[in-house]
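Novice: Chain by chain, the residues run as shown.
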Amino acid sequence: MIPRATIAEAMYEAMRLAATTLPPDVEAALSRALEEESDPLARRHLEVSLENARAAAEGKGLVCADTGFPLFYVTAGGDTRVEGGFDALYRAAAEATARATADALLRPTMVDPLSRRNPGGNVGPGMPKVDLRFEGDGSGLEIIAAPKGGGSEIFGTFYRMMYPSDGEAGIVKFAIDCIRDGCYAGKICPPAIVGIGIGGTADLCMKLAKDAAVLRPVGRHHPDPAVAAIEQKLFAAARRLGLGPMGARGVSSVMAVHVETALTHTAALPVAVNAQCLVGRRWRAIISSDGDIQYTGELP
Amino acid sequence: MSDTIRHLQLPLTEDDARGLRLGDVVTVTGRVFTGRSLFHIRAIEQELVPPIDFSEMNCFFHVGPVMQQAPDGWQVVSIEPTSSIRFERYGGAVVRKLGLRALIGKTTMGRGTAAALRDVGGVHLTKIGICGNLLRDQVRRVVDVHFLDELGKTEATWIFEVERFGPFFVDIDACGNNYFEALDEGIGQQLADVYESLGVPADFAYTEVNP
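As they're listed, the protein sequences go chains A and B.
Numbering follows the numbering used here, with no gaps: position 38 of the first sequence is 38.
If you want the numbering used here, it's the position in the second sequence, counting the first as 1, plus 1000.
Hints listed in this document are in silico derivations from the structure and should not be mistaken for laboratory results.
Quick caveat, the model's predicted, so the values are computed rather than measured.
It cannot be assumed that every hint is accurate.
To be verified - Which chain B residues stay away from chain A? Per the calculated CB distances, all over 12 angstroms, these:
1. Ile1052
2. Pro1071
3. Val1077
4. Arg1086
5. Tyr1090
6. Lys1097
7. Gly1099
8. Lys1127
9. Asn1133
10. Glu1181
Claimed, not checked - Chain B side only, calculated, beta carbon under 10 angstroms to chain A, not exhaustive:
11. Met1001
12. Asp1003
13. Leu1010
14. Thr1027
15. Thr1029
16. Gly1030
17. Gln1068
18. Gly1129
19. Leu1135
20. Gln1138
21. Phe1169
22. Asn1177
23. Tyr1179
24. Val1194
Stated by the list, open to error - Label pairs and their in silico Cβ distance ranges:
25. Thr1207/B to Ala229/A: 37 to 47 angstroms
26. Gln1190/B to Asp131/A: 47 to 57 angstroms
27. Arg1096/B to Ser115/A: 44 to 54 angstroms
Backbone N, C-alpha and C fix where the C-beta goes; we use that ideal spot for every residue, glycine too.
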């Protein structure tokens, strides 16, 4: 039985680490991009971003002050038992988010969409967002905390219901147009990790895109060669756009293109795009059934 | 991007603003005020602006700072410039109403704001990299805050005294030219090649299900 307090602690600490530390694979990708760029402004965007992240890791500030939407992705095993039942996960996430906001690790950013009132703690209807999935027969819990920045989420979210006759040409045209649109003037904070969902229902399609952007290690290809081929093709095309870091002239508009698919209706071809910004914030907590917690910036 | 950095004094003079060119790299020293969406909407729709002498403080920093209350007052944790383009609906009207000469933010602004900046004699400055911790270290003093209770810490108008704040680069000059628009035109011209590399036929059109 995993105590609720342990879960709240793991969620807080994973969120703190995400807000203050670049994941190692993201940092490596930014360093590679810096080697590739020759335009002075493109290079400076990357140098400053890496320097800014180093300051945050040393306890001087945040990786980015727009800490965005507080997201938690929780994976439980078949034998996982949580004190208070699985509903306790929602309460633990709210507690961890409010505490991280009070400690200025998260900016109070979540507001009512109509009144625009800010409750001040990033907690309210729907937020923090807790995504729960079950996998395997283990008895532990894995939590990924992802403060997802506004730039990538607001300017980097697209959806189009296409039809079978639009085919792969439609998919890749839509995706590359979205990448160009999002990179204009650095809206999505390139080099972006671009997630693309193909198939499913509208909501599943968008979830595939977001999971692809947020939950996959940078540049790991889809195991299905046909899907991986689309990733490679779009990655190469994005590098030919002429856009680089923060919308400057360059090549690294994207750090990676990740595609996920799901079965869909025989009449439909839904496609969604969701971008993750250059700081790619997420950190993982692994809780064993006896309540030990380990933290890592690496994704499974 | 220019190799040298120009250090500008605030409030910015019309001559200084009109002397800047696209791609110039600058810092500013003096007082700036902050605001986001609610500042713009309220300034125009409700005629509600903070009690600031804008002729003395003509640099508007688009940001929602992360602030923390300490025993000796407010502390800046990090200040990341936010996307100015979101404010385009009201951008030109705010520039004209307050006589602003410098806007600092992320991304850029559109043609309406660029036209206002051309008429008033002002520029838009955009951030270089993710820089919120580096900018924080250039804030000398949190001078004041307006609308904190009604708008909260993120949308409130903070007044900061800053020193060699930046560097930023000029993406809209006082002639109304836009760095990113010029860059985007070049990209539009390459797009046919990019489509071709993806196997998208030149005459591709999405399936239309409406008349």
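Novice: Hint by hint, work out which the structure violates, then give me just those numbers in ascending order.
Specialist: 3, 4, 8, 9, 10, 13, 14, 15, 16, 20, 22, 25, 26, 27
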